[in-house]
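Undergrad: Everything in the sequence shown is counted per our numbering, starting at -2 for the first residue and increasing by one.
Some hints here could point you the wrong way.
Pair by pair, the computed Cβ-Cβ distance ranges are [claimed, not checked]:
1. D64 x E4: 34 to 44 Å
2. N1 x D78: 17 to 27 Å
3. K130 x K89: 22 to 32 Å
These are computed hints drawn from the structure, not numbers from a lab.
C-beta atoms are modelled at their ideal positions from N, C-alpha and C, and glycine is treated no differently.
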Amino acid sequence: IPRNELEGVRLMAEAAYDVKRDSDDMVEEILYFTDSTIAMSWCHNLGKKLRLYVLNRVSQVRKLINDSNPNQEEFPLYHIDGKNNIADILTKPHNIPPLDLGVGSGWQNGLEWMTHPLNKMPITRYSDISVSKDEEDVINTECFPE
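All chains, full assembly: derive it from the sequences and hints.
TA: Here it is in structure tokens:
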């Protein structure tokens, strides 16, 4: 599953890059969110040697995000709790009527927290993430031993 989550982050970064590129100067800032602490850890990693599959995707993610946000002080990939992740509506089983995906829905307009400034969003920065021993073991399965 963490590799799938990483691929989701890559697709998000690619879509955001394409939108920013094609919309000229209409997009000022792009923020990226994932509910996967493991994928987020791989993307923020600068010290461990990653195995090829993860390394290639992380390299793509970092390039796309950095190219879309050239003057960012902080790598703008943040953790969002799964219950606040609107993308989960379509990626995980839910009993959702079609109207909940229609005009005016959270799926189309975004959730209320998305309108807040970054410092008021229910997110966690990488520097504030703590991972469990099990998560750390999964993170390290894609890293070469030091």
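Undergrad: Are the hints correct? Go through all of them and say.
TA: Against the structure, the hints:
1. D64 and E4 have their C-beta atoms about 19 Å apart, which leaves the hinted 34 to 44 Å range violated.
2. The hinted window of 17 to 27 Å between N1 and D78 holds, with their beta carbons roughly 19 Å apart.
3. Remark: the range hint 22 to 32 Å for K130 to K89 is upheld by a beta-carbon distance near 25 Å.
In this structure, the one hint that does not hold is number 1.
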